[in-house]
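Model the full structure from these sequences, guided by the hints.
Chains as they are written, first to last, in full-length UniProt numbering: chain S, 1 to 198; chain A, 1 to 198.
Possibly wrong hints are sitting among the right ones.
In silico lysine-lysine, DSBU-like type, Cα no more than 30 Å apart, as pairs [as the list claims (entries may be wrong)]:
1) A:Lys-23 to S:Lys-23
2) S:Lys-53 to A:Lys-53
3) A:Lys-53 to S:Lys-23
4) S:Lys-53 to A:Lys-23
Only some residues are given here: those of chain A computed to face chain S with a beta carbon under 8 Å [unchecked claim]:
5) Ser-4
6) Pro-18
7) Pro-22
8) Gln-26
9) Arg-37
10) Ala-40
11) Asn-42
12) Leu-47
13) Thr-48
14) Ala-49
15) Thr-66
16) Ser-87
17) Ala-89
Ranges of calculated distance between the beta carbons of each label pair, as one might list FRET restraints [claimed, not checked]:
18) A:Pro-5 to S:Glu-128: 51 to 61 Å
19) S:Arg-35 to A:Asp-78: 26 to 36 Å
20) A:Thr-187 to S:Ser-193: 18 to 28 Å
21) S:Asp-115 to A:Glu-38: 13 to 23 Å
22) S:Lys-23 to A:Thr-66: 20 to 30 Å
23) S:Thr-146 to A:Glu-12: 26 to 36 Å
I should point out that these hints are in silico values taken from the structure, not numbers from a laboratory. Just so you know, these numbers come straight off a predicted model, no measurement behind them. Glycine included, each C-beta is placed from N, C-alpha and C at the ideal position.
Number of protein chains: 2
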Amino acid sequence: MAASPLISGLMEALRTLPGVGPKSAQRMAYHLLERDREGARNLAGALTAAVDKVGHCQRCRTLSETELCTLCADTGRDRSLLCVVESPADVEAMEQYTDYRGLYFVLGGHLSPLDGIGPEAIGLDRLEALLDEGEVAEVVLATNPTVEGEATAHYIGELVRPRGITITRIAYGVPLGGELEYVNGDTLSHAFSGRREV
Amino acid sequence: MAASPLISGLMEALRTLPGVGPKSAQRMAYHLLERDREGARNLAGALTAAVDKVGHCQRCRTLSETELCTLCADTGRDRSLLCVVESPADVEAMEQYTDYRGLYFVLGGHLSPLDGIGPEAIGLDRLEALLDEGEVAEVVLATNPTVEGEATAHYIGELVRPRGITITRIAYGVPLGGELEYVNGDTLSHAFSGRREV
Numbered sequence: 001m002a003a004s005p006l007i008s009g010l011m012e013a014l015r016t017l018p019g020v021g022p023k024s025a026q027r028m029a030y031h032l033l034e035r036d037r038e039g040a041r042n043l044a045g046a047l048t049a050a051v052d053k054v055g056h057c058q059r060c061r062t063l064s065e066t067e068l069c070t071l072c073a074d075t076g077r078d079r080s081l082l083c084v085v086e087s088p089a090d091v092e093a094m095e096q097y098t099d100y101r102g103l104y105f106v107l108g109g110h111l112s113p114l115d116g117i118g119p120e121a122i123g124l125d126r127l128e129a130l131l132d133e134g135e136v137a138e139v140v141l142a143t144n145p146t147v148e149g150e151a152t153a154h155y156i157g158e159l160v161r162p163r164g165i166t167i168t169r170i171a172y173g174v175p176l177g178g179e180l181e182y183v184n185g186d187t188l189s190h191a192f193s194g195r196r197e198v
Numbered sequence: 001m002a003a004s005p006l007i008s009g010l011m012e013a014l015r016t017l018p019g020v021g022p023k024s025a026q027r028m029a030y031h032l033l034e035r036d037r038e039g040a041r042n043l044a045g046a047l048t049a050a051v052d053k054v055g056h057c058q059r060c061r062t063l064s065e066t067e068l069c070t071l072c073a074d075t076g077r078d079r080s081l082l083c084v085v086e087s088p089a090d091v092e093a094m095e096q097y098t099d100y101r102g103l104y105f106v107l108g109g110h111l112s113p114l115d116g117i118g119p120e121a122i123g124l125d126r127l128e129a130l131l132d133e134g135e136v137a138e139v140v141l142a143t144n145p146t147v148e149g150e151a152t153a154h155y156i157g158e159l160v161r162p163r164g165i166t167i168t169r170i171a172y173g174v175p176l177g178g179e180l181e182y183v184n185g186d187t188l189s190h191a192f193s194g195r196r197e198v
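As structure tokens, this is what we get:
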């Protein structure tokens, strides 16, 4: 490499971003240094501010720079509904694409005993405390449709059931806009067994 | 968006990186905040250090944090050869893929009169001064094979010619590994007219 240490260092640092390989990192570094130093400074500031100040919401555990996130602090949301998701990005997706108006609980992952990720690591003690406050009437399980997500949903279901709270799971099935022939077998099998009368 | 101002601000700032759209920016921001705060801090530091300290090499104009870049400072390079390229990334590419052992001159763009980019903006006064030092015996034109790159190469050729210095241009032709049938017409036409006896 002909690049100087600081430029190489910048490329190296950019590679910590997900989806950025050596070629993109090089392109980004040169772009910032040649054409957008203001943008680079701005990005450095945004990174530092976010890392220093963003923590987790005390109630739903999503990323938040305030004690309660904007959703938990919003008195207009339906507090009888609690949607359990794996990550803050899932909250974003639900907010963007569904008309769900309840609150969330963010696990920050899924149960994975082999990696030492047990119930407390994904905040299930906190979830139980929340349910014991008595406001929640329905828990919507929206973990990922993976083996681990399923196992986690099942485990949470067992926690919720004795409390007499309704438990629902978002629907599985063939995704809209796809072609049946290319949908994977498990999905199609779920879609068939979950068929509904029209 | 349910994201808090600092998180949204970080996503916004990440979008200044070339090739990063809203979806990737979101993924990067959450990845850094949830799983790699150390990497985020490190990136902020690398950005600040690079922006503050990286300037241009006094001789070849490439990005460099020292007065002379590592290549210009390297006494083992052949000073009779000068390769003219558009950007620092082109220097990297030449160093990585060719066995060129001379020095470079980095234009930092190409002539573009309509955008007000004239000879001085791409450092041609500096190039002339360099040629007048008398060390250079051959100028290798390696600007991009675009209309602007061509025009720039032609213009530089006219500057160099009266000084009695050899001028060469890197070869155009069909790229290796491609299929002739998919190569664009201009390239094929150049490859044909530039054919050589084997």
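Hint check results:
1. This hinted pair checks out: A:Lys-23 and S:Lys-23 have alpha carbons roughly 20 Å apart, not beyond 30 Å.
2. Of the pairs offered as hints, the one joining S:Lys-53 and A:Lys-53 holds, with about 27 Å between alpha carbons and a cut-off of 30 Å not exceeded.
3. For the given pair, A:Lys-53 sits about 23 Å from S:Lys-23 by alpha-carbon distance, which is consistent with the 30 Å threshold.
4. With a C-alpha separation of about 23 Å, the suggested pair S:Lys-53 and A:Lys-23 falls inside the 30 Å cut-off, and the hint holds.
5. The beta carbon of A:Ser-4 comes within 5 Å of a beta carbon in chain S, closer than 8 Å, and the hint placing it at the interface holds.
6. Residue-level restraint check for A:Pro-18 holds (minimum Cβ-Cβ distance to chain S is 5 Å; threshold 8 Å).
7. Taken as an interface hint, A:Pro-22 does not check out: its beta carbon lies about 11 Å from the nearest beta carbon of chain S, beyond 8 Å.
8. With a cut of 8 Å, the hint placing A:Gln-26 at the interface with chain S holds, because the nearest CB-to-CB distance is about 6 Å.
9. Given the 8 Å rule on beta carbons, the hint for A:Arg-37 holds: about 5 Å separates it from the nearest Cβ of chain S.
10. Given the 8 Å rule on beta carbons, the hint for A:Ala-40 holds: about 5 Å separates it from the nearest Cβ of chain S.
11. Contact between A:Asn-42 and chain S, as hinted, is supported at the beta carbon level, the nearest pair being about 5 Å apart and thus within 8 Å.
12. Against a cut-off of 8 Å between C-beta atoms, the interface hint on A:Leu-47 holds, since the closest Cβ of chain S lies about 4 Å away.
13. Hint status for A:Thr-48 relative to chain S: holds, with the closest Cβ pair at about 5 Å, below 8 Å.
14. Restraint check, A:Ala-49 versus chain S: the minimum CB separation of about 6 Å is within 8 Å; hint holds.
15. Given hint, A:Thr-66 at the interface with chain S, holds; its Cβ is 7 Å from that chain's nearest Cβ, closer than 8 Å.
16. Because the closest C-beta pair between A:Ser-87 and chain S is about 7 Å apart, less than 8 Å, the hint holds.
17. Hint on A:Ala-89 holds. Least Cβ distance to chain S is approximately 5 Å, under the 8 Å limit.
18. At about 31 Å, the CB distance of A:Pro-5 to S:Glu-128 disagrees with the hint of 51 to 61 Å.
19. At about 31 Å, the CB distance of S:Arg-35 to A:Asp-78 agrees with the hint of 26 to 36 Å.
20. Distance hint check: the CB atoms of A:Thr-187 and S:Ser-193 are about 55 Å apart, inconsistent with the given range 18 to 28 Å.
21. Checked against the given bound of 13 to 23 Å, the beta carbons of S:Asp-115 and A:Glu-38, roughly 19 Å apart, stay inside it.
22. Our hint of 20 to 30 Å for S:Lys-23 and A:Thr-66 holds, since their Cβ atoms are close to 25 Å apart.
23. With their beta carbons about 31 Å apart, S:Thr-146 and A:Glu-12 fall inside the hinted range of 26 to 36 Å.
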